[in-house]
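Trainee: Sequence:
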Amino acid sequence: MPLRTPETWPHGAVMLDAEHTRFALWAPDAFYVSVELEGGQSLPMLPQADGWFVIETRCPAGTRYRYNIDGERDVPDPASRAQAGGLASPSVVVDPHAYRWQHLLWQGRPWHEAVIYELHVGVLGGFAEVEKHLPRLAELGVTAIELMPLAQFPGERNWGYDGVLPYAPQSSYGTPDALKHLIDSAHGLGLAVIIDVVYNHFGPDGNYLHHYAKGFFREDLHTPWGAAIDFRRREVRDFFIDNALMWLLEYRFDGLRLDAVHAIEDPDFLQELAATVREHIDPPRHVWLTLENEHNQASLLEQGFDAQWNDDGHNALHVLLTGETEAYYADFAERPSEKLARCLSQGFAYQGHTNRHGRARGEPSGHLPPSAFVLFLQNHDQIGNRAFGERLHQLTAPQALHAATVLMLLSPMIPLLFMGDEYAADEPFLFFTSHHGVLARQVREGRRNEFAAFSAFADPHTREQIPDPNALHTFTASRPTLTSSEPLTQQATLTLYRQLLLIRHREIIPRLPGAHALGATVLATGAISARWHMGDGSLLCIDLNLTAEPVSHSSHAHSRLLFEYPQRSFEALQQGTLAPYCALVSLTAAAPLLPTTGERP
Numbered sequence: 001m002p003l004r005t006p007e008t009w010p011h012g013a014v015m016l017d018a019e020h021t022r023f024a025l026w027a028p029d030a031f032y033v034s035v036e037l038e039g040g041q042s043l044p045m046l047p048q049a050d051g052w053f054v055i056e057t058r059c060p061a062g063t064r065y066r067y068n069i070d071g072e073r074d075v076p077d078p079a080s081r082a083q084a085g086g087l088a089s090p091s092v093v094v095d096p097h098a099y100r101w102q103h104l105l106w107q108g109r110p111w112h113e114a115v116i117y118e119l120h121v122g123v124l125g126g127f128a129e130v131e132k133h134l135p136r137l138a139e140l141g142v143t144a145i146e147l148m149p150l151a152q153f154p155g156e157r158n159w160g161y162d163g164v165l166p167y168a169p170q171s172s173y174g175t176p177d178a179l180k181h182l183i184d185s186a187h188g189l190g191l192a193v194i195i196d197v198v199y200n201h202f203g204p205d206g207n208y209l210h211h212y213a214k215g216f217f218r219e220d221l222h223t224p225w226g227a228a229i230d231f232r233r234r235e236v237r238d239f240f241i242d243n244a245l246m247w248l249l250e251y252r253f254d255g256l257r258l259d260a261v262h263a264i265e266d267p268d269f270l271q272e273l274a275a276t277v278r279e280h281i282d283p284p285r286h287v288w289l290t291l292e293n294e295h296n297q298a299s300l301l302e303q304g305f306d307a308q309w310n311d312d313g314h315n316a317l318h319v320l321l322t323g324e325t326e327a328y329y330a331d332f333a334e335r336p337s338e339k340l341a342r343c344l345s346q347g348f349a350y351q352g353h354t355n356r357h358g359r360a361r362g363e364p365s366g367h368l369p370p371s372a373f374v375l376f377l378q379n380h381d382q383i384g385n386r387a388f389g390e391r392l393h394q395l396t397a398p399q400a401l402h403a404a405t406v407l408m409l410l411s412p413m414i415p416l417l418f419m420g421d422e423y424a425a426d427e428p429f430l431f432f433t434s435h436h437g438v439l440a441r442q443v444r445e446g447r448r449n450e451f452a453a454f455s456a457f458a459d460p461h462t463r464e465q466i467p468d469p470n471a472l473h474t475f476t477a478s479r480p481t482l483t484s485s486e487p488l489t490q491q492a493t494l495t496l497y498r499q500l501l502l503i504r505h506r507e508i509i510p511r512l513p514g515a516h517a518l519g520a521t522v523l524a525t526g527a528i529s530a531r532w533h534m535g536d537g538s539l540l541c542i543d544l545n546l547t548a549e550p551v552s553h554s555s556h557a558h559s560r561l562l563f564e565y566p567q568r569s570f571e572a573l574q575q576g577t578l579a580p581y582c583a584l585v586s587l588t589a590a591a592p593l594l595p596t597t598g599e600r601p
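Using full-length UniProt numbering, you'd call the opening residue of the sequence shown number 1 and step up by one each time.
Take these hints with a grain of salt, some might be off.
What follows is a set of in silico ranges between Cβ atoms, one per label pair, in the way DEER data are often shown [stated by the list, open to error]:
1. Glu549 to Leu104: 50 to 60 Å
2. Ala275 to His353: 27 to 37 Å
3. Thr325 to Leu494: 29 to 39 Å
4. Leu221 to Ala49: 26 to 36 Å
If you're looking for bench data, these hints aren't it; they were derived computationally from the structure.
Yeah, the Cβ is synthetic: ideal placement off N, Cα and C, and Gly gets one too.
Construct all of the structure, not just a fragment, from the sequences and the given hints.
Mentor: Here it is, written out as structure tokens:
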């Protein structure tokens, strides 16, 4: 397959030179398609084989346009590179080479160096405002920011998973060049940038594909969020693969996080996407591909993908920290310590094990390196899918959370923080949208009905207190305070993060290549001792106690203490006790090689 370039991508408005543009639309259900340019010019497009309509015309960057289908309906370009405003506004011809990159020598970072900080561009104020946080994050020890989805969605406020124009950055966040400037600035500070992409569905409002390209969707399958996409079709596959390449090649993103790939029914699409990306990225450039996948398909992590978000690890930790065992935590209600130990030693807790519904979930993952799993205590889902968006420090003892933070930041898994974690921000992260009319009511009622499975919300009157996703206040309440002028308790959290990330960079990251787990032992409910053989031959051990009770445990001979929480915990361990709410991290050096004399024994 020839390598794709911005000039050869088949979809959308592609500039051929400074004054000429090729417009291409796959519309197999249309009889007639025209390009409607600003100023009233209408250009009939030429029908091609297999449902394509194409025209090349004199048209510079900045030109606004729409497609007209059968003389009846104006629609945005599904591969629009930018919208003049929202979905009701015209699409805009974009010159992909207009931005002048300042850090062209940037080649990314190796995956094992990743310390990821997930953020929502909208609540932080747009691309330019996010850029202001970059120096602070680099100083903290973050090495990558992960942006929640950016595809143009209906309205001004949304998590991003309702996007309908995957090629167009959300117009309320800033221009395409503003996004490129954000990425460029991040690279100048040594920060990689990941984008969360949604290839499993289109949002419920503003998607017109079903009017002229029903073949984008399957009639026999649906996802929880809408019609399933038909990846059996070549045109559909190329639409999304070219989108991935656009983010990586034109915008110079350093990685993709693929949302909810368990809702993609054609797994070989994922394999093709990964293979195509790898084919287009020349060494020594590093590009990361990560997954969210409830099916725990470890096999995908051997086929071009670097890692998967480890929801199993999060869920086990959450149950141990909060005691919550309802709904999606029910699968971790029994023996959560054993499930956490399995995650630390083998990656997933569910590797073909039967869940509460009697279904087997997952594939064996113990052969994979720990860096194939992204570990987190919170993310957008785990906070925002709570009725009131509470953060973890509001649900558990602060000492227990600090001990769990030590595990997250110093284990050989790849750590992910959510914006505000480092300050123990008090602001919630709520589910927000900006729909109108019937859809707004459906989203509001659907959101509240989701929580009927929780005993605390069994009463419909109680569910009425759940914030309306469409209310402006729901969005503004989700803006975290990310400043240094925080109360002492939050300063203590920031200090802990700084200390741990300094140790991670100095002691853990250099030893990650070649690391593998040796096992994890449950000492008591909520107490675990885990060990890893690091790439340099050393032995890393983390002893963790998330409970208020001391646990009998012995210290590791000849080990060097990397970190203890709280203070004097190591002293207690030397006396045979793992203190309450504690985490101890130690490193035993590799045994030196015995000198050889060349003589036979």
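Trainee: Confirm or reject each hint.
Mentor: Hints versus structure:
Checked against the given bound of 50 to 60 Å, the beta carbons of Glu549 and Leu104, roughly 56 Å apart, stay inside it. Separation of Ala275 from His353 is about 30 Å and conforms to the stated range, judged on CB atoms against 27 to 37 Å. At about 31 Å, the CB distance of Thr325 to Leu494 agrees with the hint of 29 to 39 Å. For Leu221 and Ala49, the Cβ-Cβ distance of about 27 Å falls inside the hinted range of 26 to 36 Å, so the restraint holds.
In summary, the structure agrees with every hint in the numbered list given earlier.
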